[in-house]
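Visitor: Spelled out from the first residue to the last, the chains are:
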Amino acid sequence: DQQVKQNSPSLSVQEGRISILNCDYTNSMFDYFLWYKKYPAEGPTFLISISSIKDKNEDGRFTVFLNKSAKHLSLHIVPSQPGDSAVYFCAATPFGNEKLTFGTGTRLTIIP
Amino acid sequence: DAGVIQSPRHEVTEMGQEVTLRCKPISGHNSLFWYRQTMMRGLELLIYFNNNVPIDDSGMPEDRFSAKMPNASFSTLKIQPSEPRDSAVYFCASSPTGSRTYNEQFFGPGTRLTVL
Numbered sequence: 020d021q022q023v024k025q026n027s028p029s030l031s032v033q034e035g036r037i038s039i040l041n042c043d044y045t046n047s048m049f050d051y052f053l054w055y056k057k058y059p060a061e062g063p064t065f066l067i068s069i070s071s072i073k074d075k076n077e078d079g080r081f082t083v084f085l086n087k088s089a090k091h092l093s094l095h096i097v098p099s100q101p102g103d104s105a106v107y108f109c110a111a112t113p114f115g116n117e118k119l120t121f122g123t124g125t126r127l128t129i130i131p
Numbered sequence: 295d296a297g298v299i300q301s302p303r304h305e306v307t308e309m310g311q312e313v314t315l316r317c318k319p320i321s322g323h324n325s326l327f328w329y330r331q332t333m334m335r336g337l338e339l340l341i342y343f344n345n346n347v348p349i350d351d352s353g354m355p356e357d358r359f360s361a362k363m364p365n366a367s368f369s370t371l372k373i374q375p376s377e378p379r380d381s382a383v384y385f386c387a388s389s390p391t392g393s394r395t396y397n398e399q400f401f402g403p404g405t406r407l408t409v410l
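Read top to bottom, the protein sequences are chains A and B.
Quick note on numbering: the first sequence equals residues 20 to 131 in our numbering.
Quick note on numbering: the second sequence equals residues 295 to 410 in our numbering.
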């Protein structure tokens, strides 16, 4: 039973445009959410996070939006750059718990 | 500043053989996590340790899998006997208690395991 779902296995976006990656969760206990980025032959690296007390968190070109009522979050990348081509994982956890539950990932390809 | 170190990077073995994956966490990190990545299930947590003590092993698929952390700088994940369905990329990650960004885990480069 996938508690964190990334329904789009892949996404292609033109360089300079906005990339939007989506994530849905089912567990109401989740209240802290993270995005990780993974290049081939490397481990995932932390990108950005958001607590359930917020509905938006911004870090440079990356913004994460959280819609608690819909149990949905999204990662926006503006503008998209070729170096953003990677697999993006969404993860969630109840606050105070070290255990992260990850989604299956979305492969983002930025087209020059 | 060395990150999480995993060895081997690639392992090819035959069904029924014992496989041992190794991990050295970042110095000073209290928690260590073992994950398995597959296309179908994404990143699954197998087990995690805090201060060398196993906290949650509910993700370990079956008795063929075992993990140890004999000290703060070393952990192993063992599969005995291995089966073709164990083929996956196995990641080790570590995190410090009270990190600036809560729950940020630092991943190693992974071990790609192929069981023939």
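For the record, the hints were derived by calculation from the structure and aren't laboratory data.
Bear in mind that the values here come from a model prediction, so they are computed numbers and not experimental data.
Warning: the hint list may mix true and false statements.
Unchecked claim - Within a straight-line C-alpha distance of at most 25 angstroms, the following computed SDA-like cross-link-like pairs (lysine to any residue) qualify: (1) A:K87 - A:P101; (2) A:K118 - B:L410; (3) A:K75 - A:K90; (4) B:K372 - A:E61; (5) A:K24 - B:K372; (6) A:K118 - B:D350; (7) A:K90 - B:K372; (8) A:K118 - B:K372; (9) B:K318 - A:E61; (10) A:K56 - B:L410; (11) A:K118 - B:I299; (12) A:K75 - A:P131; (13) A:K118 - A:Q21; (14) A:K75 - A:N26; (15) A:K118 - B:E308.
Visitor: Does each hint hold? Answer for all of them.
Guide: Hints and how they fare:
1. Between A:K87 and A:P101, the direct Cα distance comes to roughly 31 angstroms. Violation of the 25 angstroms bound is thereby established for this hinted pair.
2. A distance of roughly 32 angstroms separates the Cα atoms of A:K118 and B:L410; the hinted pair therefore is violated under the 25 angstroms criterion.
3. A distance of roughly 14 angstroms separates the Cα atoms of A:K75 and A:K90; the hinted pair therefore holds under the 25 angstroms criterion.
4. For the proposed pair B:K372 and A:E61, the alpha carbon gap of about 22 angstroms is at most 25 angstroms, so the pair holds.
5. Proposed proximity of A:K24 and B:K372 is contradicted: the alpha carbons are some 29 angstroms apart, above 25 angstroms.
6. Between A:K118 and B:D350, the direct Cα distance comes to roughly 9 angstroms. Compliance with the 25 angstroms bound is thereby established for this hinted pair.
7. Of the supplied pair hints, the one linking A:K90 and B:K372 is violated, its CA atoms being roughly 37 angstroms apart against a limit of 25 angstroms.
8. As the CA atoms of A:K118 and B:K372 are separated by approximately 21 angstroms, the hinted pair is consistent with the 25 angstroms bound.
9. In summary, the hint linking B:K318 to A:E61 is supported, as the alpha carbons are separated by about 16 angstroms, within the 25 angstroms threshold.
10. Distance hint between A:K56 and B:L410 is unfulfilled; the C-alpha atoms sit about 30 angstroms from each other, more than 25 angstroms.
11. Pair hint A:K118 plus B:I299 holds up; C-alpha atoms about 21 angstroms apart against a cutoff of 25 angstroms.
12. Taking the CA atoms of A:K75 and A:P131, the gap is near 29 angstroms; set against the 25 angstroms cutoff, the hint is violated.
13. Taking the CA atoms of A:K118 and A:Q21, the gap is near 15 angstroms; set against the 25 angstroms cutoff, the hint holds.
14. Our distance criterion of 25 angstroms between C-alpha atoms is met by A:K75 and A:N26, whose separation comes to about 21 angstroms.
15. Only pairs whose Cα atoms come within 25 angstroms are accepted, and A:K118 paired with B:E308 is rejected, the gap being roughly 32 angstroms.
The structure does not agree with the numbered hints 1, 2, 5, 7, 10, 12 and 15 stated previously, though it agrees with the rest.
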